[in-house]
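Enquirer: Given next are the chains, with one letter for each unit.
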Amino acid sequence: DAGVIQSPRHEVTEMGQEVTLRCKPISGHDYLFWYRQTMMRGLELLIYFNNNVPIDDSGMPEDRFSAKMPNASFSTLKIQPSEPRDSAVYFCASRLDRSSGNTIYFGEGSWLTVV
Amino acid sequence: AQSVTQLDSHVSVSEGTPVLLRCNYSSSYSPSLFWYVQHPNKGLQLLLKYTSAATLVKGINGFEAEFKKSETSFHLTKPSAHMSDAAEYFCVVSEVRNTGKLIFGQGTTLQVKP
Numbered sequence: 002d003a004g005v006i007q008s009p010r011h012e013v014t015e016m017g018q019e020v021t022l023r024c025k026p027i028s029g030h031d032y033l034f035w036y037r038q039t040m041m042r043g044l045e046l047l048i049y050f051n052n053n054v055p056i057d058d059s060g061m062p063e064d065r066f067s068a069k070m071p072n073a074s075f076s077t078l079k080i081q082p083s084e085p086r087d088s089a090v091y092f093c094a095s096r097l098d099r100s101s102g103n104t105i106y107f108g109e110g111s112w113l114t115v116v
Numbered sequence: 268a269q270s271v272t273q274l275d276s277h278v279s280v281s282e283g284t285p286v287l288l289r290c291n292y293s294s295s296y297s298p299s300l301f302w303y304v305q306h307p308n309k310g311l312q313l314l315l316k317y318t319s320a321a322t323l324v325k326g327i328n329g330f331e332a333e334f335k336k337s338e339t340s341f342h343l344t345k346p347s348a349h350m351s352d353a354a355e356y357f358c359v360v361s362e363v364r365n366t367g368k369l370i371f372g373q374g375t376t377l378q379v380k381p
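Chains as they are written, first to last, in our numbering: chain Z, 2 to 116; chain F, 268 to 381.
Some hints here could point you the wrong way.
Straight-line C-alpha distance at most 27 Å; calculated DSS-like pairs for lysine-lysine [to be verified]: (1) F:K368 - F:K336; (2) F:K368 - F:K316; (3) Z:K79 - Z:K69; (4) F:K316 - F:K336; (5) Z:K69 - F:K309; (6) Z:K25 - F:K380; (7) F:K368 - Z:K79; (8) F:K309 - F:K325; (9) F:K335 - F:K325; (10) F:K335 - Z:K25; (11) F:K380 - F:K325; (12) F:K336 - F:K325; (13) Z:K69 - F:K380; (14) F:K325 - F:K368; (15) Z:K79 - F:K309; (16) Z:K25 - Z:K69; (17) Z:K25 - F:K368; (18) Z:K25 - Z:K79; (19) F:K335 - F:K316; (20) F:K380 - F:K336; (21) F:K380 - F:K309.
Read the hints as simulated data drawn from the structure, not as lab findings.
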């Protein structure tokens, strides 16, 4: 089984540029999560979707961040405009459903550096 | 609200000696609890999980954890550390009754010395 697939794995961009991170969840999973990891704040939940619908976006830091899930097999996290403080590892994760013991499976992460 | 506290930010052991990574949780309802491991420059991998079945949970790579409700703890142990165990470990709580959103601890870095 293919796991959660994220792209790009590494991205270096200049401040002010738009960044789009992509995620393909595990086939058949109903939930998709976007997390951000930094040294200062650890792992933070940004947003999550259930059946392609955003359920909780309270972790999205500000309006520069947006996330979409146009279908069950694809999601994007967009930062526009990007700032140096957005430099972090962004993880996408997915889960089958609430009855599966809440185990979520993580992708390898997208390592973003904004200079 | 639920929360999780990892009591040690850094643990150092010698290869072949036991590992203990401590985790306390706070939850209004019956929690699901997890341990994830993150090796350098890698994603997070599930080690084990507790979901109200047996209180002693066995995971991959020889790790296990015991759920103690009276102490609100879920400590991770391994009898004998291996060099490949050096990584960051996260204790995670999820409330069964709500959406299942996961709350991560701050992580414990495990160093294994030869």
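Enquirer: All hints are to be evaluated individually against the structure, with a verdict given for each.
Expert: Checked hints:
1. F:K368 - F:K336: holds, 21 Å
2. F:K368 - F:K316: holds, 15 Å
3. Z:K79 - Z:K69: Cα-Cα ~8 Å, so holds.
4. F:K316 - F:K336: holds, 15 Å
5. Z:K69 - F:K309: holds, 25 Å
6. Z:K25 - F:K380: Violated - the C-alpha atoms of K380 of chain F and K25 of chain Z are around 38 Å apart, more than 27 Å.
7. F:K368 - Z:K79: holds, 22 Å
8. F:K309 - F:K325: The given pair, whose Cα atoms are some 23 Å apart, holds under the 27 Å limit.
9. F:K335 - F:K325: Distance ~15 Å between K335 of chain F and K325 of chain F Cα, so the pair holds.
10. F:K335 - Z:K25: violated, 37 Å
11. F:K380 - F:K325: Satisfied, since the Cα-Cα distance of roughly 24 Å is no more than 27 Å.
12. F:K336 - F:K325: holds, 17 Å
13. Z:K69 - F:K380: Violated - the C-alpha atoms of K380 of chain F and K69 of chain Z are around 44 Å apart, more than 27 Å.
14. F:K325 - F:K368: Holds. K325 of chain F to K368 of chain F sits at ~23 Å (cutoff 27 Å).
15. Z:K79 - F:K309: holds, 22 Å
16. Z:K25 - Z:K69: holds, 12 Å
17. Z:K25 - F:K368: It holds: about 19 Å lies between the C-alpha atoms, which stays within 27 Å.
18. Z:K25 - Z:K79: Between K25 of chain Z and K79 of chain Z the Cα gap is close to 15 Å, so the pair holds against 27 Å.
19. F:K335 - F:K316: Status holds; Cα separation ~14 Å.
20. F:K380 - F:K336: violated, 33 Å
21. F:K380 - F:K309: holds, 21 Å
In summary, the structure is inconsistent with hints 6, 10, 13, 20 from the numbered list given earlier, while agreeing with the others.
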